[in-house]
Amino acid sequence: MSLSPLTKPWFHAPAGHEKIWLGCAVLWCFVMSLMMPYWHFRGKQNSTGEAYTVKPADFLARTEKFVASNKVGTYKNTNHNALMPELPLVEPPAGGDAYLIGRMWHWYPALRLRMGETYRLHLSALDLQHGFSLQPINMNFQVLPGYDHVLTFTPTSKGEFTIVCNEFCGAGHHAMSGKIFVE
Amino acid sequence: MSTPSHSLSAPGTPGRVCGTTGLGVCLDAQRFIKLNAVAGIVFLLLGGIAALLLALTRWQTVHLLPVDWFYRILTFHGINMLILWILFFEIAILYFACTTPLNSRLFSRKIAWVSFGMMLTGAIMVDYIIIAGQADVMMTSYLPLLAHPLFYLGIILVAVGTLVGVFNFFATLYVAKRDQTYTGSVPIVTFGATAAAIIAVVTLLHGAVVMIPTFTYSMGWTPQPDPAWYRLIWWGLGHQSQQVNVCAMVSVWYLISHIVVGARPINEAVCRTAFVLYILFINLASAHHLLVDPAVGATWKIWNTSYAMYLAVLASMVHGFTVPAGVEIAMREKGYTSGIFGWVTALPWKNPAFSGTALSVVIFGFLGGITGVTLGTQQINIIAHNTLRIPGHFHVTVVGGTTLAFMALAYYVIPLIFQRDFIFRGVARLQPWLFGLGIVMLSFGMSFAGSMGVSRRSWDIDAQGVYGPAAHLWLGVLGLGGVLAFVGLLVFALLCVGTLFFGPKIEHRAMADWGTPPALAGSESGSLANDHYATKGTMVLVLVFLACFAVYYFANWKALADVWPVR
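Taken in order, these protein sequences are the chains called A and B. Okay, so the first sequence: first residue is 1 according to our numbering, each after it adds one. Okay, so the second sequence: first residue is 1 according to our numbering, each after it adds one.
Treat the hints as calculated values from the structure; they're not laboratory data. A few of these clues could be false.
[Stated by the list, open to error] Over 12 Å on every C-beta distance to chain A, these chain B residues come out as not near it, computed from the model:
1. K34
2. V175
3. L494
[Said to hold, decoys possible] Straight-line alpha carbon distances no greater than 30 Å define the calculated BS3-like cross-link-like pairs of lysine-lysine that follow:
4. A:K8 / B:K558
5. B:K505 / B:K350
6. A:K8 / A:K19
7. A:K158 / B:K558
8. B:K505 / A:K19
[Said to hold, decoys possible] Label pairs and their calculated CB-CB ranges:
9. A:K158 / B:D460: 22 to 32 Å
10. A:T156 / B:S338: 54 to 64 Å
11. B:P565 / A:C24: 45 to 55 Å
12. A:F11 / B:G12: 37 to 47 Å
13. A:T156 / B:V38: 27 to 37 Å
Where is the CB? At the ideal position from N, CA and C, for every residue including glycine.
Throw the hints in and build the complete structure from the sequences for me.
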């Protein structure tokens, strides 16, 4: 009885339907437990959390250096809502490092990548926490100030991709965006 | 008497005998159940008004609130719903679970006052400072976002007040055991409430660890805590507190199914073990919120997000079987034996406490549970983190599950504790269906918009220029569902408050029956006690559940496999 005390003997081994269900549930939990390690070794999409502590000023300096040595043009944002009408367009060397800053309220700089090449993308924030959300492909990573979050990325589709911010960062949060072009 | 007795039957104890159930009610406990439940419902209504404004803003066609008020109201909504409504109502449940089922009186009236006073003061502080525009930081208040110190102080007061109430609960358990007010082990409802209370202590300690340095930082006394550290510890508060809800909700499932159809757990040893699994493994789930974070590695993420091989998920799957199985056995013993589902159609679907509970089980399990485990899978989180899929998940656990179960409970709490029968009983019978439908629509709208990449906690999606008509359509479904759910919530609050003032008084008589299935002629209670194959209908239901789970789970792996390789 749900409202009255439990008296002895209180132990009964599961039997019948209950035993069958317990077996199914344990088996299913086991399958789900194995899926994650399996994907870690055999799957291609993983969040390994590779990160290094970095002072925001240092990260900014690295990014500026990266922009200065790899700039290939200027990206002009024609969306009338855009908070940053112009961003430097930067193409990192294939297999090399790319830097991306999240700050109130844009992603800096715009990147141009080559399909099928692999890049080490360094993400960090200069002020608040931000959310790196790549659309329309819908891949999402957390960006924290003080941490250089390294994603080893391989674009496998061409086109124009928008980086939306999906961690609340103040009044301009909804319009915080950036660009990645894949050719 | 040489030793003080906390038994309700001891002479001079402020108690009464319930005219409906024949159980003893401690009048001190009754007063604080009333106070905490009413405070909870007031905060629920405040949070509900906020919810309506939010739904009408995210519904892109309506787009009601200006940007600053959207984030302000979103902070207000989170705090009032997830913290204030839930904690006040849970304290009410704890005071019930440690007195009436144990035939015990409440340990201390003074401590109950202290708890209630601290919680209420803290709650008013937090709500005031948010509406004053000094704390637009969301419920999570991720550093380096910074709110007014009163915001953190208010939350600390609510947390400590809750701990004081939980202490009163444990002290009552202790004196009841010492004075032998009952024999044997505590009933399952009290056992579940105890599990909830233990998790609450661990949860609130995490809250103290993270909130106190944040408060001192906001005062300028100490340096800023690390943002990654803050996230880890904050979610020890934020996620585990939802598991307090799960425990309390499951206890309510056992309680209502017992009150309405006379169900009993088919195997107490198993379902009590399931509660213990919650206590042992739920604290790992802070990781669910850090799955795409920097600075925590894959091994840590995988182990913790699985709650050590899904033992806490196993616990929910046990309750998800035991509760309907108990109902099925009780119904079959009453004589409703036709076919596999004859007992289902004979259930009292017009009883709002029962329909609310049944909807809570289905919505929590089929929608909340399946989405939660899938989104909380380490790699799948890449295509879900901080999108609307996340609130799409937790609105069907915390709202469609916990809140609906607590509403269902109120249809008995108010007649039995406040001793007034409900007004407008016909409307009450519809309320759980309306609220449940609204929440399910809201959740579908959020989940599908989220699958298209629409982020949570965002005032506007058009500024980005990347979301098409389908995303807008699902935000419309979200908006409509939010309006329906709000109407359901408003009806609930008005019914409760109206009943407190105008409901027909019950004194020394039974409450008006909401509808319970009568035992048919020739049936015999306990006749299936030793038949382990009597729950055919439940077996079919849980196997359908498992099939849905597997399809959704692997469909998400497939969706993940289609995005860019990343590590």
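So, going through the hints one by one against the coordinates:
1. For B:K34, the shortest C-beta to C-beta distance to chain A comes to about 20 Å, beyond the 12 Å cut-off, and the non-interface label holds.
2. Under the 12 Å C-beta cut-off, the non-interface status given to B:V175 relative to chain A holds; the minimum distance is some 16 Å.
3. Non-interface call for B:L494 relative to chain A: holds, since the shortest CB-CB distance, roughly 30 Å, exceeds 12 Å.
4. For a cut-off of 30 Å, the pair hint linking A:K8 to B:K558 is broken: about 50 Å separates their Cα positions.
5. Restraint check: the Cα-Cα separation between B:K505 and B:K350 comes to about 23 Å, which is no more than 30 Å; the hinted pair holds.
6. Taken as a hint, the A:K8 and A:K19 pair is honoured in the structure, with Cα atoms around 21 Å apart against an allowance of 30 Å.
7. Simply put, A:K158 and B:K558 have alpha-carbon atoms about 20 Å apart, close enough for the 30 Å limit, and the pair holds.
8. Of the supplied pair hints, the one linking B:K505 and A:K19 is violated, its CA atoms being roughly 47 Å apart against a limit of 30 Å.
9. Separated by about 29 Å at the C-beta atoms, A:K158 and B:D460 satisfy the suggested range of 22 to 32 Å.
10. Roughly 56 Å separates the CB atoms of A:T156 and B:S338, a value that falls within the hinted 54 to 64 Å.
11. A hinted range of 45 to 55 Å is violated for the C-beta pair B:P565 and A:C24, which are about 34 Å apart.
12. Restraint check, A:F11 to B:G12: a C-beta distance of roughly 39 Å satisfies the suggested window 37 to 47 Å.
13. Checked against the given bound of 27 to 37 Å, the beta carbons of A:T156 and B:V38, roughly 57 Å apart, lie outside it.
The structure does not agree with the numbered hints 4, 8, 11, 13 stated previously, though it agrees with the rest.
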